[in-house]
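Student: Listed here are the chains, written in short residue letters.
There are 2 protein chains.
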Amino acid sequence: MTPTQPLNDAPLDLPDDHPYGRHHLPYGAIKVGQEVHLAVRIGDHALDLATAAADTPWAVALSEPQLNSFLELGPQAWSGLRGWLQDALGNPARWGELEPHLHAVEGLTLRLPLHVADYVDFYASEVHASNVGAIFRPDGNALTPNWKHLPIGYHGRSSTIVISGTDIVRPVGQRKAKSDPQPVFGPSIKLDIEAELGFVVGGSTPLGSRVSVDEAVDHLFGVALFNDWSARDIQAWEYVPLGPFLGKSFASSLGAWITPMAALVDARVPLPAQDPEPLPYLQGSTGAMFGLDLTMEVRLNGTVISRPPYAGLYWSPTQMIAHLTVNGASLSSGDLFASGTTSGPEPDQRGSLLELAWDGTEPLTLDDGSTRSFLEDGDTVTITATAPGPGGVTIALAEVSGTIRPALSSPQGAVSAGS
Amino acid sequence: MTPTQPLNDAPLDLPDDHPYGRHHLPYGAIKVGQEVHLAVRIGDHALDLATAAADTPWAVALSEPQLNSFLELGPQAWSGLRGWLQDALGNPARWGELEPHLHAVEGLTLRLPLHVADYVDFYASEVHASNVGAIFRPDGNALTPNWKHLPIGYHGRSSTIVISGTDIVRPVGQRKAKSDPQPVFGPSIKLDIEAELGFVVGGSTPLGSRVSVDEAVDHLFGVALFNDWSARDIQAWEYVPLGPFLGKSFASSLGAWITPMAALVDARVPLPAQDPEPLPYLQGSTGAMFGLDLTMEVRLNGTVISRPPYAGLYWSPTQMIAHLTVNGASLSSGDLFASGTTSGPEPDQRGSLLELAWDGTEPLTLDDGSTRSFLEDGDTVTITATAPGPGGVTIALAEVSGTIRPALSSPQGAVSAGS
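Heads up: the sequence lines are chains A and B, in that order. When we follow our numbering, the leftmost residue of the first sequence carries the number 93, and every step to the right adds one. When we follow our numbering, the leftmost residue of the second sequence carries the number 93, and every step to the right adds one.
Be aware that one or more of the hints could be misleading.
Since copy identity is lost for identical chains, a pair holds within one copy or between any two.
Derived SDA-like pairs (lysine to any residue); straight-line CA-CA distance at most 20 Å [claimed, not checked]: (1) Lys240 to Pro275; (2) Lys270 to Leu235; (3) Lys268 to Asn238; (4) Lys270 to Thr395; (5) Lys270 to Asn238; (6) Lys123 to Trp176; (7) Lys270 to Pro362; (8) Lys123 to Pro192; (9) Lys268 to Arg360; (10) Lys268 to Pro372; (11) Lys123 to Val152; (12) Lys268 to Leu235; (13) Lys240 to Val276; (14) Lys270 to Ser377; (15) Lys268 to Asn233; (16) Lys240 to Pro273; (17) Lys268 to Thr236; (18) Lys268 to Pro237; (19) Lys240 to Lys270; (20) Lys270 to Thr236; (21) Lys123 to Ala142.
Keep in mind that the hints were calculated from the coordinates and are not lab data. Note that the coordinates shown come from a computational prediction; the quantities given were computed from them, not determined experimentally.
Using the sequences plus the hints, can you model the full thing?
Tutor: What follows is the structure, encoded as structure tokens:
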């Protein structure tokens, strides 16, 4: 991320292969004085859209502090703004128009660039679902009978989705190991990560209607890396019969910059063969059924512990939307859905510590010689990713990072801080 | 609901025992021209708060079309406005101040009076959980091992919560009976109701903090009847391992008027004995641990099919809040949580058709001679409830009602309309 030019000289003179070059153009929200403005990242700068785009057709939506109104404008507006930006960036004579609206990213305060409407977490990696099934339900089939018939998902807590960099307070709750005669209360001792890709939805739909796989393409605005922090001990005790709740709802982290789908057109790859054949409502044209050739890198205190590949996930994001709406549920601009933990077939491609250390039976060794089965207080987890961008360049998704803080004492003072 | 006086004569001259008298004062949102204004129901009228309360300390929050900002002001504001209203209603000399701001409820268009932030559905009736367990998991224990240790809950879809009176389109989706070799796709054939009480939360809390049972009292703004429409066949096939999703997310209906907790002080009743003793974070002072002596009446096309009592539910709403936040999850003003299906111990006190007709094995007979195991297109379900109000009066919660419309044909035209 070293700038190729001094920051104040020609900040828009970026080489074509810059990971935040004009082929990428992710969206964020920046503090400007006491206000929050929408922005586009260009190299090491953020272009203030509230001011730079004030004379464009999308100015009203772009004057808001979050993307939701712009998301509602739909794909023509999204490609319109992108085209306007790329035209200006491709023409050095126009750089002077943009330069007054640039802020160096370093030192900027970033905000979550969308108000998350409804949040759904899917479970689209066959490897992850099989691994978790083998660990949580050793006596049953690893994959539940429904898994290859529908993209399994559940609703999560929208209001606890936080921007990358936010500290994560270790959750407290009930757990009960098989050896515990009664539930035990205290800070989670199995705090985990889930390396996922989050999809931002634009364009609301009416209640009682459905979105087909082909139509879903027009509701996919962009992606960001997502860490669905999970307290495995809390989750294991609570999740039967109504699913994960407090084991997930304490926090999920989203990357600060939303990469538009338009930057990932060359990253689209075919899905793995889907067998049995999905029901017709989960089928679409070839162009609407895709994975993404996107490789994540998960670092724990600097040590790379995994490189999960997103390509190979069983279900297409468009199938997830078609499934989510087949019952008539409406979409809202600002809906966020995540892929579920991205685990590849190799042991060093697993997207959670639960899988990487196989529920504590095979601890990881970090570069400093320490070992980990789950997260300790003070640990920092950072997920990055790269993907092929337009024209053969490589683009870098914005990192999602968080540091674990000790559990708080309870309101009753009954629980010690820390774990 | 016949007015005791001609509408335009002395509309505020209500007898003390009027179900919408000055002891009740529920909150709603009404269309006034092209605008939506907050309102309080008084007898057969709605008092426009945007205009009537324009000189009060809460005028800014009350000028908004939804309650969220007023909810954020907290219990002092809630009791302040209630006191101001009751003072004015108790003093005929002041009726003239209010009368210009009254609208007859008949003919008014109502709107959902809150933007639902996060929505959680609990599962707090031991009878219901036991019945469903016996039906869905006949080979296991009806009650899961965690049930008496924690209030089980899951997040639902906030954006598909609709106001009473909204038609419900029959959902479409996958189901698979044991006898089906493959999943079947089509309109749900097991469309059901769930008679519940919804609780509206006010006062946001920071992420990483917790709300005790005692503190939770101050976050309970009010209640409304809630029908969590459920497609049992879709739910049964999808819900393992991550919980209910499309079987619920197509729609849930909320009563149009939110009854403040202050109107239910005399309806509070002790909880049933909780054995085993809950963990300390689920305990509170006697005043903070309560059920409500509230009896619902469920009508299907006019026939009363059940009278579920809310008293007897195992968990207090304050325990639900304490549980929801024990992991550090924040509250938002506008959060809504529901009790779960309210089923009493008698067969005619069950809150769902699944239980009333025992999964189709004991169909109900309606007054017109027809029978029902689940809902048919055109069916109307209306839930009402009464509770002891302040001073020995009986108050009536606003009904929650909905009519089933036929399923839509799919975007691909592959599914026939209707069921």
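Student: Does each hint hold? Answer for all of them.
Tutor: Hint-by-hint comparison with the structure:
With identical chains, the CA atoms of Lys240 and Pro275 are at most 20 Å apart between copies only, with a shortest distance of 11 Å across copies and 34 Å within one. In the homo-oligomer, the alpha carbons of Lys270 and Leu235 lie at most 20 Å apart only across protomers (18 Å), although the nearest pairing inside one protomer, at 22 Å, exceeds that limit. Within a single copy, Lys268 and Asn238 get their C-alpha atoms only as close as 28 Å, which misses the 20 Å cut-off; across copies the closest is 9 Å, which meets it. Taking identical chains as interchangeable, the C-alpha atoms of Lys270 and Thr395 are never at most 20 Å apart, the minima being 33 Å within one chain and 48 Å between chains.
For the identical chains of this complex, Lys270 and Asn238 are inter-copy neighbours only, at 13 Å across copies versus 27 Å inside a copy, given an alpha-carbon limit of 20 Å. With identical chains, the CA atoms of Lys123 and Trp176 are never at most 20 Å apart, being 24 Å at best within one copy and 41 Å at best between copies. Taking the shortest alpha-carbon separations for Lys270 and Pro362, neither the intra-copy value of 42 Å nor the inter-copy value of 33 Å comes in at or below 20 Å. Only within a single protomer do Lys123 and Pro192 lie at most 20 Å apart by alpha-carbon distance; the minimum there is 16 Å, versus 45 Å between protomers.
In this assembly of identical chains, Lys268 and Arg360 lie within 20 Å of each other by CA distance neither inside one copy nor across copies; the values are 43 Å within and 33 Å between. In this assembly of identical chains, Lys268 and Pro372 lie within 20 Å of each other by CA distance solely across copies; the values are 16 Å between and 42 Å within a copy. Taking the closest pair of Cα atoms, Lys123 and Val152 come within 20 Å of each other only inside a single copy of the chain (18 Å); across copies the shortest separation is 26 Å, beyond that limit. In this assembly of identical chains, Lys268 and Leu235 lie within 20 Å of each other by CA distance solely across copies; the values are 17 Å between and 24 Å within a copy.
Taking identical chains as interchangeable, the C-alpha atoms of Lys240 and Val276 lie at most 20 Å apart only when they sit on different chains, with a minimum of 14 Å there against 36 Å within one chain. Within a single copy, Lys270 and Ser377 get their C-alpha atoms no closer than 48 Å, and across copies no closer than 32 Å, so neither meets the 20 Å cut-off. Taking identical chains as interchangeable, the C-alpha atoms of Lys268 and Asn233 lie at most 20 Å apart only when they sit on different chains, with a minimum of 18 Å there against 23 Å within one chain. For a Cα distance limit of 20 Å, the shortest separation of Lys240 from Pro273 across copies, 14 Å, qualifies, whereas the shortest one inside one copy, 37 Å, does not.
For the homomeric pair Lys268 and Thr236, the shortest alpha-carbon distance between copies (13 Å) is at most 20 Å, but the shortest distance inside one copy (23 Å) is not. Taking the closest pair of Cα atoms, Lys268 and Pro237 come within 20 Å of each other only across two copies (10 Å); inside a single copy the shortest separation is 27 Å, beyond that limit. Proximity of Lys240 to Lys270 under the C-alpha cut-off of 20 Å is restricted to the inter-copy arrangement: shortest distance 17 Å between copies versus 30 Å within a copy. Taking identical chains as interchangeable, the C-alpha atoms of Lys270 and Thr236 lie at most 20 Å apart only when they sit on different chains, with a minimum of 14 Å there against 22 Å within one chain.
Proximity of Lys123 and Ala142 under a CA criterion of 20 Å is satisfied intra-copy only: 12 Å inside one chain copy versus 33 Å between copies.
Violation of the numbered hints given earlier is confined to hints 4, 6, 7, 9 and 14; the remaining hints are satisfied by the structure.
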